[in-house]
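**Student:** Throw the hints in and build the complete structure from the sequences for me.
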Amino acid sequence: MRQFKRSFLNLVVLAITICSVASCSDDENLNDLDETIFVRHRNADMPAYIRGNASEKVFLITLNGGPGGVGLEFRGKAFNEIENQYGVVYFDQRGSGNSQGNYDKDEINIDIMAEDVLALAKAMKHKFGSDSRLFLLGQSWGGTLGVATLIKDQSEFKGWIDVDGAYNAAGLYDLYLETFTTTANTQIVLGNSVDFWESVLELVSQVDPINNANDFSKLNRKAPEAEAKLANDGIINSENTGVEGNDLNFVYNPRINQWNAIQIGSIITGDQGLFQTTDLTSQLPKITIPSLFISGQYDMVVPIASAQTAFETIGSASKELLIFNRSGHSPPFSEPDRFATEVLRFINEHK
Amino acid sequence: MKKYSIIFLLTYAINSQAQQGRIDSSSFLDKTEFKVGYYGNLLWDNGLNLGAEYAWKEKKKVKETKKGQKTITHQFLVNGNLGYSTNFANKTDNGLHTYYGLIWRRTSPKRWQFQVELNPLGYYRSFLPETFKVDGGDVSKVRLPGRGYYTPTIAFGIGRLRNGKRRSGWYLNFNCAFRTNYNAGVLPTYSIQYGHRFNFKKKK
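Chains A and B, in that order, give the protein sequences. Residues are numbered in the working numbering as their position in the first sequence, beginning at 1, plus a constant of 41. Residues are numbered in the working numbering as their position in the second sequence, beginning at 1, plus a constant of 131.
Bear in mind the hints are in silico, worked out from the structure with no lab data behind them. Even glycine gets a Cβ: it sits at the ideal position worked out from N, Cα and C. Just to be clear, a hint being listed does not mean it is correct.
Said to hold, decoys possible - Some chain B residues near chain A, calculated using beta-carbon distances under 10 Å:
#1 L259
#2 T262
#3 V270
#4 S271
#5 G277
#6 G279
#7 T311
Claimed, not checked - Covered, in the sense of this in silico footprint (three residues per stretch, anywhere, with C-beta under 8 Å from a C-beta of chain A), are these stretches of chain B:
#8 165-178
#9 218-228
#10 312-320
**Tutor:** This is the structure in structure tokens:
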């Protein structure tokens, strides 16, 4: 029995040691960072995957789309190139990816999630020094969250990069009706995927002209389909162009991701009516840090008019709007080389 | 957590009383089997599980057939487990789990086993890498970062008994654990358990 107890204990110690060693992060090397820290804020623990070259202590914090997407979904050709020059922080937002916590539904909203981003910025400066320089990039829903963050406190950041950002989520409905109609008419004239675009026009004619959750969902689901048709017809580049190096198969458990996405989606877009109530346009003039807006010419998910309005409204003295002519909703993947070049140029100018 | 602790203590006390009445003729070791096995989902979560099963109640049904007698055994076993698992790809998803409950097991005349586990007392503790707590303007490093979740489990499985052997059988379970309160909900996690049972009965 004593021998058994000893073998049993040895086995437990061995198992824990193997797992602990396997789970340890590499030693810190600013030139080639590959580490993960967690930020604990308001009962949530959220991972920030820090990658790339942070020798200058310049970091680009990224906010993914969703709600319910994952931080590392940005990785690919464009961001690999950005990582060669600067540190990139991929953040799993509250309720997404590998983030976890013991909190209730009332602790999930844009306000608290914006505070999470500010908490991440503080944690980064605590870890890498107060001389660290941070840039913020948000795509799609990340654009909503980024704007909400900057409205609260922009002093932590040297610049803002908005990629197809949905700062006016409630306004997307009207933009869908307008953009779907003009794009469909143009494509029908060109003879591209005529049946599909006729079905788009039919959908537009069937939905209520007043924004409502059901019809929004129908239009929102049609948008990626429309971009796929545009890619098939050679109008825009495929999103597969820049996915090289984005290997997330084993980093995230897809079933947990899906559960998270449904959970947070039902709270933010369902209960809180993100796409019916959230419009931050009137607060854009408060943002005065240098800003770069990037939009795909054929973005069907957050149409280009959104970026144009943001560019005109934002309070920044230094601002720029770049239209990616061969892109839809994912310029980092459809035009990765240009995307990386423009983001690096912006950071170089304002770091 | 307090209420779960009370439930646990009550269950333990009831089990202890029940055991005292039946354990007279054999020692604890005679009625206990230890198990060790793989725990995880093969892709995102892999680890090791250790446990013990105490035979609480047993009922044997003997059937007369043309080929002779056939014995089918039904057992209720008190179950306790401790395990650790991790995701080697992201190096962050590490967790220790422990759970306790009852197993109902049927052993066929050909020693094949089918079992159902109900483990209402479960706890999962995640272990996270370097974590910074941000509270207002204050940032501090968290000691032993991670979180605990009440995590009851259910499992269904098969196995085979090896009569009279030290390594007394193998089992393959499909386990579902419910991690609460996780990201404002109850997260079901699924795993496979494959392992072997051992007994240390005194040889008579």
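**Student:** List, from low to high, the hint numbers that the structure doesn't satisfy.
**Tutor:** none
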